[in-house]
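2 protein chains.
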Amino acid sequence: MSTKPVLYTSLSPALLHLYDLSNSVVVIIDVFRATSTIAAALHNGARAVIPVDSVPKAIEMGKNIDGIVAGERDGLIAEGLQHGNSPLEYSRNFIENRNLVLTTTNGTRLLQMALDRNASTIISGSFPNLSAVCSFLINEGKNVVLGCAGWKDRFNLEDTLFAGAVIEQVQEHFSIHCDSSLMATTLYQKYANDLLGFAPQLTHYHRLVKRIGLIKDIEFCLTPDVANVLPVYQDGKLVVKK
Amino acid sequence: MSTKPVLYTSLSPALLHLYDLSNSVVVIIDVFRATSTIAAALHNGARAVIPVDSVPKAIEMGKNIDGIVAGERDGLIAEGLQHGNSPLEYSRNFIENRNLVLTTTNGTRLLQMALDRNASTIISGSFPNLSAVCSFLINEGKNVVLGCAGWKDRFNLEDTLFAGAVIEQVQEHFSIHCDSSLMATTLYQKYANDLLGFAPQLTHYHRLVKRIGLIKDIEFCLTPDVANVLPVYQDGKLVVKK
Numbered sequence: 002m003s004t005k006p007v008l009y010t011s012l013s014p015a016l017l018h019l020y021d022l023s024n025s026v027v028v029i030i031d032v033f034r035a036t037s038t039i040a041a042a043l044h045n046g047a048r049a050v051i052p053v054d055s056v057p058k059a060i061e062m063g064k065n066i067d068g069i070v071a072g073e074r075d076g077l078i079a080e081g082l083q084h085g086n087s088p089l090e091y092s093r094n095f096i097e098n099r100n101l102v103l104t105t106t107n108g109t110r111l112l113q114m115a116l117d118r119n120a121s122t123i124i125s126g127s128f129p130n131l132s133a134v135c136s137f138l139i140n141e142g143k144n145v146v147l148g149c150a151g152w153k154d155r156f157n158l159e160d161t162l163f164a165g166a167v168i169e170q171v172q173e174h175f176s177i178h179c180d181s182s183l184m185a186t187t188l189y190q191k192y193a194n195d196l197l198g199f200a201p202q203l204t205h206y207h208r209l210v211k212r213i214g215l216i217k218d219i220e221f222c223l224t225p226d227v228a229n230v231l232p233v234y235q236d237g238k239l240v241v242k243k
Numbered sequence: 002m003s004t005k006p007v008l009y010t011s012l013s014p015a016l017l018h019l020y021d022l023s024n025s026v027v028v029i030i031d032v033f034r035a036t037s038t039i040a041a042a043l044h045n046g047a048r049a050v051i052p053v054d055s056v057p058k059a060i061e062m063g064k065n066i067d068g069i070v071a072g073e074r075d076g077l078i079a080e081g082l083q084h085g086n087s088p089l090e091y092s093r094n095f096i097e098n099r100n101l102v103l104t105t106t107n108g109t110r111l112l113q114m115a116l117d118r119n120a121s122t123i124i125s126g127s128f129p130n131l132s133a134v135c136s137f138l139i140n141e142g143k144n145v146v147l148g149c150a151g152w153k154d155r156f157n158l159e160d161t162l163f164a165g166a167v168i169e170q171v172q173e174h175f176s177i178h179c180d181s182s183l184m185a186t187t188l189y190q191k192y193a194n195d196l197l198g199f200a201p202q203l204t205h206y207h208r209l210v211k212r213i214g215l216i217k218d219i220e221f222c223l224t225p226d227v228a229n230v231l232p233v234y235q236d237g238k239l240v241v242k243k
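The listed protein sequences correspond, in order, to chains Z and C. Be aware that the first sequence starts at 2, since it is given in the working numbering, and climbs by one per residue. Be aware that the second sequence starts at 2, since it is given in the working numbering, and climbs by one per residue.
Hints in this document: simulated from the structure, not taken from any laboratory. Watch out, some of these pointers could steer you wrong.
Cβ-Cβ distance ranges computed for the label pairs, FRET-style [to be verified]: (1) C/236 x Z/139: 39 to 45 Å; (2) C/243 x Z/121: 53 to 59 Å; (3) C/55 x Z/118: 26 to 32 Å; (4) Z/67 x C/18: 38 to 44 Å.
Partner residues aside, some chain C positions facing chain Z, computed with beta carbon under 8 Å [claimed, not checked]: (5) 67; (6) 80; (7) 89; (8) 156; (9) 158; (10) 174; (11) 175; (12) 178; (13) 183; (14) 184.
The C-beta atom is built at its ideal place from N, Cα and C for all residues, glycine as well.
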């Protein structure tokens, strides 16, 4: 019998309850754009990213800390806030040594669900910090659930492609018997060499690029290792794992 | 603007609530093996297949009609029943002019969910009746939800591959903006020429073949158009659409 830890992929927050999180590292995946933005902000020196699930809570939290309050709803800067969910907003000049309070449509909600279900460890993953995620998973040697945030509980391809990218790098260290993971690697193998060329087929691409004009965001979010830190959730905050 | 009807793919019963079924044809897809068995029985002259969601209900129903009571739990013939969920059990000799009361782990549950959510029309789809399903969808010209039964709410590849096979044939008649459908067609294009060669990678293949020895069932369930009838749900029964 194999003694390798097991790895599963959850394709939507609405499927997360099917997996045992209590002894697992859960990777929160929201490629467009929450987890890419979290990686960018921490890579550029943010002290911490504080994910919260509502705009009023984010504003309230912002009053008590030295930091930026930011958030997105349906792809746009959330009403009542000045900053949104674009990784390119969080340059070193702007974010270094400050906290970022962040609320988003899908990613922060999934993180809250993982907390509610007693995930053992929660980290955040995206192409910009792909290698950091893979190294951590291999070194920890614990069970893993790759949690795709999707879009309002619908399956999306970009989060699944990232799951596939992770599996491709870590698979020899895990026991993987999961059709979702097999599908994710199949897709990733097909599109790995041309993620940007594939992007215009994604429903979320249309939301972000055709309606909101965020092509540079998309490029950043699909580029591996440009913000290669490991955000770990501790005491209500995502901080860089030292 | 396009006036084509829309098509969505629901990857799991746990995602079915995300789609409006009230003006849609819902295709119930449970490749291994419920919907393949339904096609086989009706193709071989069964009067009707009566799907029910529990073994006791199936036994009770069987007392009132001239027919076979059959069912499966976890891939095996359900306790208390003499017949299971193998399409090869339902030869013409055995099933012609009889009713088949059928209860299964995933397919009959999904059908009940579609009923509860007021689906406009419910049909059952599998590789053995692929062409009949596609012709019906094109001729109806209504919105479509391809409903994958999965395995206990988990995503599975064989149902998704069938969704991809349908989309491949009908896509020019529908407006499709749905990452699940795009993923399904991508997978189908990759594996269409060697479905049987791909099968050993599926988690459900291991359940059915390695544990239960059902390789001939798998072959039947992956062969297009060998039982090419269209089962339509009417008044509590699946009957062949004339």
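Quick check on a hinted range of 26 to 32 Å for residue 55 of chain C and residue 118 of chain Z, using CB atoms only. holds (29 Å)
Tell me if the interface restraint on residue 175 of chain C is satisfied: Cβ within less than 8 Å of some Cβ in chain Z. Hint on residue 175 of chain C: violated, closest Cβ of chain Z at ~15 Å, above 8 Å.
State, for the Cβ atoms of residue 67 of chain Z and residue 18 of chain C, whether the hinted interval 38 to 44 Å holds or is violated. For residue 18 of chain C against residue 67 of chain Z, whose Cβ atoms are near 42 Å apart, the range 38 to 44 Å holds.
Using the nearest Cβ pair, does residue 183 of chain C come within less than 8 Å of chain Z? Holds - the Cβ of residue 183 of chain C comes within 8 Å of chain Z, reaching about 6 Å at its closest.
If you take the shortest Cβ to Cβ gap from residue 174 of chain C to chain Z, is it below 8 Å? With a closest approach of 19 Å, the residue 174 of chain C hint is violated.
Does the Cβ distance between residue 243 of chain C and residue 121 of chain Z fall inside 53 to 59 Å? holds (57 Å)
Identify whether the interface hint at residue 67 of chain C stands, where standing means a beta carbon of chain Z within less than 8 Å of its own. violated (39 Å)
Quick check: does the Cβ-Cβ distance between residue 236 of chain C and residue 139 of chain Z fall within 39 to 45 Å? violated (57 Å)
Closest C-beta approach of residue 80 of chain C to chain Z relative to 8 Å, hint status: violated (25 Å)
Mind checking the CB of residue 178 of chain C against every CB in chain Z and telling me if the closest is under 8 Å? holds (6 Å)
Does the CB of residue 184 of chain C sit less than 8 Å away from some CB of chain Z? holds (6 Å)
Let's test the interface hint: is any C-beta of chain Z closer than 8 Å to that of residue 89 of chain C? violated (24 Å)
In this structure, the hints that do not hold are numbers 1, 5, 6, 7, 10, 11, in rising order.
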